[in-house]
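Asker: Residue numbers (full-length UniProt numbering), protein chains in the order written: chain A, 1 to 383; chain B, 1 to 383; chain C, 1 to 383; chain D, 1 to 383.
Careful: at least some of the hints might be erroneous.
Each pair may be met inside one copy or between any two copies, as identical chains are not told apart.
Stated by the list, open to error - Once the Cα atoms are required to be at most 25 Å apart in a straight line, the calculated DMTMM-like pairs of lysine to aspartate or glutamate come out as:
1. K298 x D245
2. K368 x D163
3. K175 x D248
4. K175 x E371
5. K201 x D90
6. K162 x E88
7. K375 x E22
8. K377 x D85
9. K368 x E260
10. K374 x D191
11. K43 x E195
12. K99 x D191
13. K234 x D85
14. K359 x E260
15. K201 x E39
16. K377 x E213
17. K241 x E37
18. K234 x D245
19. K29 x D191
20. K234 x D90
21. K374 x D295
22. K375 x D191
23. K368 x D191
24. K175 x E213
25. K99 x D165
26. K377 x D83
27. K234 x E88
28. K298 x D172
29. K271 x D245
Think of the hints as simulated: they come from the structure by calculation, not from any bench.
Protein chains: 4
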Amino acid sequence: MELVNEIHLLEVFKLTITNGYEQSDREEKLDIINLNELEAQAKAIIPQGGFGYISGGSEDEWTLRENTNAFEHAQIVPRALTDMDNPETDTTVFGLNLKTPIMMAPTAAQGLAHAKGEVDTAKGVAAAGALMAQSTYSSTSIADTAAAGNGAPQFFQLYMSKDWDFNNHLLDQAKAAGVKAIILTVDATIDGYREADLRNKFQFPIPMANLTEYSEGDGAGKGIAEIYAAAAQKISAADVKRIADYTDLPVIVKGIESPEDALFAIGAGAKGIYVSNHGGRQLNGGPASFDVLADVAKAVDHRVPIIFDSGVRRGSHVFKALASGADLVAMGRPVIYGLALGGAQGVQSVFEELNGELKIDMQLAGTKTIEDVKKAKLLHIHY
Amino acid sequence: MELVNEIHLLEVFKLTITNGYEQSDREEKLDIINLNELEAQAKAIIPQGGFGYISGGSEDEWTLRENTNAFEHAQIVPRALTDMDNPETDTTVFGLNLKTPIMMAPTAAQGLAHAKGEVDTAKGVAAAGALMAQSTYSSTSIADTAAAGNGAPQFFQLYMSKDWDFNNHLLDQAKAAGVKAIILTVDATIDGYREADLRNKFQFPIPMANLTEYSEGDGAGKGIAEIYAAAAQKISAADVKRIADYTDLPVIVKGIESPEDALFAIGAGAKGIYVSNHGGRQLNGGPASFDVLADVAKAVDHRVPIIFDSGVRRGSHVFKALASGADLVAMGRPVIYGLALGGAQGVQSVFEELNGELKIDMQLAGTKTIEDVKKAKLLHIHY
Amino acid sequence: MELVNEIHLLEVFKLTITNGYEQSDREEKLDIINLNELEAQAKAIIPQGGFGYISGGSEDEWTLRENTNAFEHAQIVPRALTDMDNPETDTTVFGLNLKTPIMMAPTAAQGLAHAKGEVDTAKGVAAAGALMAQSTYSSTSIADTAAAGNGAPQFFQLYMSKDWDFNNHLLDQAKAAGVKAIILTVDATIDGYREADLRNKFQFPIPMANLTEYSEGDGAGKGIAEIYAAAAQKISAADVKRIADYTDLPVIVKGIESPEDALFAIGAGAKGIYVSNHGGRQLNGGPASFDVLADVAKAVDHRVPIIFDSGVRRGSHVFKALASGADLVAMGRPVIYGLALGGAQGVQSVFEELNGELKIDMQLAGTKTIEDVKKAKLLHIHY
Amino acid sequence: MELVNEIHLLEVFKLTITNGYEQSDREEKLDIINLNELEAQAKAIIPQGGFGYISGGSEDEWTLRENTNAFEHAQIVPRALTDMDNPETDTTVFGLNLKTPIMMAPTAAQGLAHAKGEVDTAKGVAAAGALMAQSTYSSTSIADTAAAGNGAPQFFQLYMSKDWDFNNHLLDQAKAAGVKAIILTVDATIDGYREADLRNKFQFPIPMANLTEYSEGDGAGKGIAEIYAAAAQKISAADVKRIADYTDLPVIVKGIESPEDALFAIGAGAKGIYVSNHGGRQLNGGPASFDVLADVAKAVDHRVPIIFDSGVRRGSHVFKALASGADLVAMGRPVIYGLALGGAQGVQSVFEELNGELKIDMQLAGTKTIEDVKKAKLLHIHY
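From just these sequences and the hints, can you work out the full model?
Answerer: Structure follows, in structure tokens:
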């Protein structure tokens, strides 16, 4: 890790480094044994403000903690005499053929972790054969991130603005970049109460490329702060349809935590349901995301695919989420830590480690394919 | 914080400072991130005996701890596509228009925390647009505290004495001061077994204005200790009616922890039910107050409003209490800590912080108004 | 505390002090706030081997710990508008008028804690108006302990020997001493696996008076070890009848932990059921004693009185046990600690402290009498 | 403990000591109070890599920990007036008369703990009157281990290879050595994700005799690694029958954790069901083994005997497993620690300690025989 060369970055990414924020520029494979260990390692190289933003949850972080603890609420049954070997993690979802059901969650401001930001993440995700999701608030632009994916599939996540010109601009770019679906985030109509950011008096030291670009293009000198303030608090069923109509792409609604809302979103035109509590970053005091997944999946009843995230750290978590109704399982923080520690190769290492753990679990649970995992029965012994 | 100037205080509040007790005289806004942090800060400036009295619970403090832990027994459902923004915390209860459903719990002897005691609390509460409740055992007089509220609504809490002349004297004063309701505390017919006070051999170093005044007025040299001893242990249904008849004010019965008693109190004439276990200060080994709220509310069935307290520290706690049947949610200790740390402005900061957290939770839970919060369904996943 | 004067003790109590064991000879009132604190204080003055014997449980001490934790499985409902004061702890059980439902559990070898052993305990218990139970393995003789009680009621606990001459000898003495009932312990047919004693290679340094006396009387030089070895492992229903017939006293069966055994014991002639797991000293891995009390009481259905012990440390524990079906609630270890720390006065202090806590709980729970407590409904919220 | 004399070992056991691995050569009785304490003692004398292999579990070791914690989910009922003494642990299972229901679990590579490896274990187990199970991956040969048992019964555990010549070779040897049954392990078709081994970059420093022998015998220079790679991942119902037909011995299927698989295995010809999660070494995130035992036993319904392992450390655990449907209860790690600390005598001490604890529990639970234990009813109070 070195001090970022501002000139260089400005040339390549049009980023301005403010506040002397130090970005990692590591590029190397990681020797990972346990994804949980990455957090401490990443903390050592990511500046405090950025680390607080990435790692923190809201309020007392109860929901953040329970997100991971909740996987203990279900147990995988080891199976015997199954006459199988070489489990396969390939899966087809949203018409996409993927090497793994583990995908990259849309995650903002990855320049906080690494100088190359989402570009490196997209590379690493593609190398792992996984699905990438870009965030509206990416440090790198839609086009650059898409190009880094080298043909691998990507989704684009939209933080809806009150300014539909801006929304349309983003959607135009995403469509032009060839993304396969739009993820509309609906659980962040206001920021969660994240104490780490308050304590650090955190301000983004790295510009967000999509906003910078639009702001510059606007010519009227519209500042980033102004655009932020324009983020929509009101998001309605009509917005799902509007985005779908405008893009002609499937819209996945992200931030669903109840059967009722899953059905409502589908009724509004959602072509995918993304069960998530935003990694415990939004409403603290809500349930662990895993604890509501099975009920949501039962209500959805295979009408549309389900993406799940929040708290996933082990292969067994992925297995349990799939067996509880998820079609894809997304990760955020561990990938960002891998990005900080090893750039694109670090990202790839994180995906390969988790997928490797998943394969062991699949073999021991007697499940040859991801479809088999989805049909596996879990126990629910209370510990 | 400085040593209190005894002369000054005696002049202004007719208080005698005994035992060299040091009172805070801070007056400043507080930069609060988390109400839980106030306790340690307040501990550093409140003398040990006073802090033990304020913070302590009874016996092993199991009920005290569970009061706050119990909020984890319910979870708020984050809602999606709700088409709302700008949640509003205004509410109308007991015919009063309030800016927030968070109110000040009646809390004794606030001179322990700050030289201006309840006068400053009343100012801060009024500035926050909240409802103030005075305690019989206030450090400042009913009239002074009422005047400090500057027209904002207040309730008066009665610790009933065996001496009905004294009760009537207090009620006369409260009525003259314009309080809107009488809160009759029924869960403190004897002091809880508070070990901190025993260890500190705690004696009130600050006179209680209402008692001092009556004692002086009596002329017969009746001492404060004598009045204390006269506190009624026997409180009956007839007392509710007697107080209501005497004052022509609504009587709220405070210290209800069961559906049976809620119905009994309403039958006795109560115009409000105050669900509380006195912040874990009375009967240790009783349930967390939040754990009985929903059952009490179901029995009350909107016949009268419900006030709730005990263990509230976060916006999500307020939300969960409202969604479990409370109409108003009261706080005690955190406000007293805010009073110690910042006087009237500190009190205001505490209310604004908690109300701000509540607003975030309301937005994320898709609840525009307090009435919406009351109708929100909670989950009850066991963790 | 001083080194025990062997000559003196041999003269007065016919005890031999072996291994240089140091006995407390304190005689003073204790200023107790919380019985749990006595253990550490007592540990500081009781020699390690004796302390391990007194305080220890079996195996990993899970049952020992859960005995006390289990009281959290039930919650007392604070009651309102009860129109009562001055709760009274007097109770009549087994035809005896007692000042308190808290009694002394039969506890062996109290000379380990204090030079005067059971004689001091009996004095303290009598001063507190409570019921005393002597253990077969007392450090002082039946007659001496009885005399120390000064007319207050006592029970005698029998560890049955294979040698019925010895059993009859003990029962003769007990009857001559005027005890009101025989407690037949049936849960100690073999010693629990107490690791503290194994680690300390503990051997009783203080003779047990009843055994010494019989051994001497026997003339044949029968050693104490021999008598121990003669303790009966086989105890049957017929033994209950045999003891009842021999003594014409009520026989209480101690060590019942299931409804089945309670009914079986009553069928065998038991006039009282003593629910206990021997304070977690016998079968580790068995349930907390409080957790089986209600079911046992339901089966017993008031046919005979129920004594309860194991884990009682607070007034709220006594309340919960009474409300779950106990007629008397016994304490062991805390009294022994009080004995070590203050002799007879220390014992009295322990009883008075616990009874004082009970009275506070009774007032706050709206229960005027012990009969009211027995009828109080508990909550069973799982924490 | 000394540095192993390589020459000596090569002569006697044909082992090569690699990497300077230090093996214990202790031979002494152990003074054991609590099997849990052996782990720390053994850790002090077993090299880090070997200790990690022996003690470790998979992933975050949740299942490893819960294996032991789960025994708290059931409670033994202490019984009264049972008219019994001298409980007996003799039992007859699989037609074998055993002194104890506690058996040795098949455990690999015991040379990691002691220079004499399984030979010493077999001696100690035989001296305790218990049943020995050899592992395919033993450090000593089938014949040597069998001979050390001195006529006491042994089972042989098979890790099936893709190479049926090797399987048949092992089965031939086992049959020639007189083993009474074949244990077919089916829960290790791939290694669990054991982080300790990954951190230690663990490689077996001690050859496995059965593999060495076959490899040498093969003449083609087939290396051990090659044989490992040949371990079968696919194990099917047909394999049970094939092994049974080939050996004419009862085949016990090890690694069953569900009623479904137990019935499937019996349908496939299994003459015994071995409930185990491999001591938490295979699928982390699966249930504690004890938590599934009762349901498996109910399904098996006495068609065939049940062996149980995973987490057993106390006599009360053995009791609870028997009372939940096990006919034999196996131990692994504690015996290996005893082996390291005391060789054959250490092994014997471990069995005697646990059997001694079991006897105490039997007496206190009123169970004279192992058949009585099996019929004992457990409580299931949730703690």
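Asker: Work down the list of hints and note, for each, if the structure agrees.
Answerer: Each hint, compared with the structure:
In the homo-oligomer, the alpha carbons of K298 and D245 never lie at most 25 Å apart, since the shortest distance is 28 Å inside one protomer and 46 Å across protomers. For the homomeric pair K368 and D163, the shortest alpha-carbon distance between copies (22 Å) is at most 25 Å, but the shortest distance inside one copy (48 Å) is not. Taking identical chains as interchangeable, the C-alpha atoms of K175 and D248 lie at most 25 Å apart only when both belong to the same chain, with a minimum of 9 Å there against 68 Å between chains. Within a single copy, K175 and E371 get their C-alpha atoms no closer than 30 Å, and across copies no closer than 42 Å, so neither meets the 25 Å cut-off.
In this homomeric assembly, K201 and D90 never come within 25 Å of each other (Cα to Cα): the closest approach is 43 Å inside a single copy and 30 Å across copies. In this assembly of identical chains, the alpha carbons of K162 and E88 lie at most 25 Å apart only when taken from different copies (20 Å versus 44 Å within one copy). In this assembly of identical chains, the alpha carbons of K375 and E22 never lie at most 25 Å apart, being 46 Å within a copy and 48 Å across copies at closest. With identical chains, the CA atoms of K377 and D85 are at most 25 Å apart within one copy only, with a shortest distance of 20 Å there and 41 Å across copies.
Only between protomers do K368 and E260 lie at most 25 Å apart by alpha-carbon distance; the minimum there is 18 Å, versus 33 Å within a single protomer. In this homomeric assembly, K374 and D191 come within 25 Å of each other (Cα to Cα) only across copies, at 23 Å, whereas the closest approach inside a single copy is 34 Å. For a Cα distance limit of 25 Å, the shortest separation of K43 from E195 qualifies both inside one copy, at 17 Å, and across copies, at 22 Å. When the C-alpha separation of K99 and D191 is checked against a cutoff of 25 Å, the pair qualifies only between copies, where the shortest distance is 22 Å, while the shortest distance within a copy is 34 Å.
In this homomeric assembly, K234 and D85 come within 25 Å of each other (Cα to Cα) only across copies, at 5 Å, whereas the closest approach inside a single copy is 50 Å. For the identical chains of this complex, K359 and E260 are inter-copy neighbours only, at 23 Å across copies versus 34 Å inside a copy, given an alpha-carbon limit of 25 Å. Taking identical chains as interchangeable, the C-alpha atoms of K201 and E39 lie at most 25 Å apart whether they share a chain (21 Å) or sit on different chains (22 Å). Taking the shortest alpha-carbon separations for K377 and E213, neither the intra-copy value of 49 Å nor the inter-copy value of 42 Å comes in at or below 25 Å.
Neither within a single protomer nor between protomers do K241 and E37 lie at most 25 Å apart by alpha-carbon distance, with minima of 42 Å and 45 Å respectively. In the homo-oligomer, the alpha carbons of K234 and D245 lie at most 25 Å apart inside one protomer (19 Å), although the nearest pairing across protomers, at 50 Å, exceeds that limit. For the homomeric pair K29 and D191, the shortest alpha-carbon distance between copies (24 Å) is at most 25 Å, but the shortest distance inside one copy (34 Å) is not. Only between protomers do K234 and D90 lie at most 25 Å apart by alpha-carbon distance; the minimum there is 20 Å, versus 38 Å within a single protomer.
Within a single copy, K374 and D295 get their C-alpha atoms as close as 15 Å, and across copies as close as 24 Å, so both meet the 25 Å cut-off. Taking the shortest Cα distances, K375 and D191 sit within 25 Å of each other only across copies (23 Å), while inside one copy they are farther apart (37 Å). Within a single copy, K368 and D191 get their C-alpha atoms only as close as 41 Å, which misses the 25 Å cut-off; across copies the closest is 16 Å, which meets it. For the homomeric pair K175 and E213, the shortest alpha-carbon distance inside one copy (17 Å) is at most 25 Å, but the shortest distance between copies (65 Å) is not.
Taking identical chains as interchangeable, the C-alpha atoms of K99 and D165 are never at most 25 Å apart, the minima being 36 Å within one chain and 37 Å between chains. Only within a single protomer do K377 and D83 lie at most 25 Å apart by alpha-carbon distance; the minimum there is 18 Å, versus 37 Å between protomers. When the C-alpha separation of K234 and E88 is checked against a cutoff of 25 Å, the pair qualifies only between copies, where the shortest distance is 14 Å, while the shortest distance within a copy is 42 Å. Taking CA atoms no more than 25 Å apart as the test, K298 paired with D172 passes in neither setting, with 35 Å inside one copy and 52 Å between copies.
Taking identical chains as interchangeable, the C-alpha atoms of K271 and D245 lie at most 25 Å apart only when both belong to the same chain, with a minimum of 12 Å there against 55 Å between chains.
Checked against the numbered hints given earlier, this structure breaks hints 1, 4, 5, 7, 16, 17, 25, 28; the rest are met.
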